[in-house]
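S.K.: Sequence:
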Amino acid sequence: MILFGMILFGLLLRLPSTNMPLLDRNSCRQTDTAAIARNFYKHGLNIFHPQVDWRGASEGYVESEFPIYPFLVAILYR
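With this note's numbering applied, the sequence shown closes on residue 67, and no number is skipped along the way.
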């Protein structure tokens, strides 16, 4: 019960910043993660082919860590 309360408290602290623009000092990383999540949502949920938006004329597949967080976010979009 205490653990649930701590998790809930942490979520409530971060909730007001969910609609804010990605203008942090780590904005490049945050926007790449957001782009990967959006591309999972738009182009299908293939977790082994993450895509970014700065792809140019290519497909935009990117090598990164295993994209579990963008994948879960894309599932929540649906």
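Each hint should be verified, as a subset may be incorrect.
Derived CB-CB ranges, DEER-like [said to hold, decoys possible]: (1) E52 - M9: 33 to 41 Å; (2) E52 - I(-9): 34 to 42 Å; (3) E54 - L0: 20 to 28 Å.
Honestly, the hints are just simulated from the structure, not real lab data.
Just so we're clear, the structure is a prediction, and the values are computed from it rather than from any experiment.
All C-beta atoms, glycine included, are put in the ideal place defined by N, C-alpha and C.
S.K.: Hints the structure violates: just list their numbers, smallest first.
M.R.: 1
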